[in-house]
Amino acid sequence: MQQWYNDQTLVVTTNYVLSELVALFMSPLRIPRPKQIQAIETIKAVDWIEIIHIDKNLDDKVWQFLKERDDKMWSLVDCSSFVVMKDRQLSHGFTTDHHFEQAGFLRLLYWFRVKQ
Numbered sequence: 001m002q003q004w005y006n007d008q009t010l011v012v013t014t015n016y017v018l019s020e021l022v023a024l025f026m027s028p029l030r031i032p033r034p035k036q037i038q039a040i041e042t043i044k045a046v047d048w049i050e051i052i053h054i055d056k057n058l059d060d061k062v063w064q065f066l067k068e069r070d071d072k073m074w075s076l077v078d079c080s081s082f083v084v085m086k087d088r089q090l091s092h093g094f095t096t097d098h099h100f101e102q103a104g105f106l107r108l109l110y111w112f113r114v115k116q
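First residue of the sequence shown? That's 1 in the numbering used here, and the numbers climb one at a time after it.
Mixed in with the good hints, there may be bad ones.
What the hints assert, rightly or not - Taking lysine-lysine pairs in the DSS-like style, the calculated list, with each CA pair at most 27 Å apart, reads:
#1 44 - 61
#2 56 - 67
#3 44 - 56
#4 61 - 72
#5 67 - 86
#6 56 - 72
#7 56 - 35
#8 86 - 72
#9 86 - 61
#10 86 - 44
Unchecked claim - Estimated spans, in silico, between C-beta atoms of each pair:
#11 46 - 24: 11 to 21 Å
#12 59 - 90: 17 to 27 Å
#13 19 - 90: 17 to 27 Å
#14 101 - 9: 14 to 24 Å
These are computed hints drawn from the structure, not numbers from a lab. Remember, predicted model here, so these are calculated numbers, not experimental data. C-beta: ideal position from N, C-alpha, C; glycine also.
Use the sequences and the hints to build the structure in full.
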């Protein structure tokens, strides 16, 4: 992320993703509430992260996108990211979620399993 900052790369996310992040912090990670708030406030404060707020119009578009892909096991949050990424012509997702590749995007993170 330091390189992104140095390169002045803008990271785009949504309030839906932040909501999902808070849920992850709570369970299974069990991060105490003050640390959760600190993390989210840090994300909101940096100038190289843009948070798109999903309003009613965008939410309607996301639901339509989700309904049209009933063959996929994509979450509403995933679909919100896909719609925003398509609208903004973004190609890379900062995620480990393989659904981004199914939707035609490149994911920047992978979980590796080490055989022992």
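Hints and how they fare:
1. A distance of roughly 24 Å separates the Cα atoms of residue 44 and residue 61; the hinted pair therefore holds under the 27 Å criterion.
2. At roughly 16 Å between alpha-carbon atoms, residue 56 and residue 67 fall within 27 Å of each other, so this suggested pair holds.
3. The suggested pairing of residue 44 with residue 56 holds, with an alpha-carbon distance near 21 Å, which does not exceed 27 Å.
4. About 17 Å separates the Cα atoms of residue 61 and residue 72, which keeps this hinted pair within 27 Å; it holds.
5. Proximity of residue 67 to residue 86 is assessed by CA-CA distance (about 17 Å); at most 27 Å being required, the pair is judged to hold.
6. Taking the CA atoms of residue 56 and residue 72, the gap is near 23 Å; set against the 27 Å cutoff, the hint holds.
7. Between residue 56 and residue 35 the CA atoms are separated by roughly 30 Å; this puts the pair beyond 27 Å, and the hint is violated.
8. Our distance criterion of 27 Å between C-alpha atoms is met by residue 86 and residue 72, whose separation comes to about 17 Å.
9. The straight-line distance between the Cα atoms of residue 86 and residue 61 is roughly 12 Å, inside the 27 Å bound, and the hint therefore holds.
10. Distance restraint check for residue 86 and residue 44: the Cα-Cα separation of roughly 23 Å lies within the 27 Å cut-off, and the hinted pair is therefore satisfied.
11. For residue 46 and residue 24, the hinted distance range of 11 to 21 Å is satisfied, since their beta carbons lie about 19 Å from each other.
12. The hinted window of 17 to 27 Å between residue 59 and residue 90 holds, with their beta carbons roughly 19 Å apart.
13. For the pair residue 19 and residue 90, the supplied restraint of 17 to 27 Å holds, since their beta-carbon distance comes to about 20 Å.
14. Between residue 101 and residue 9 the Cβ separation comes to about 21 Å, which falls inside the hinted range of 14 to 24 Å.
The structure fails to meet hint 7 from the earlier list, while all remaining hints are met.
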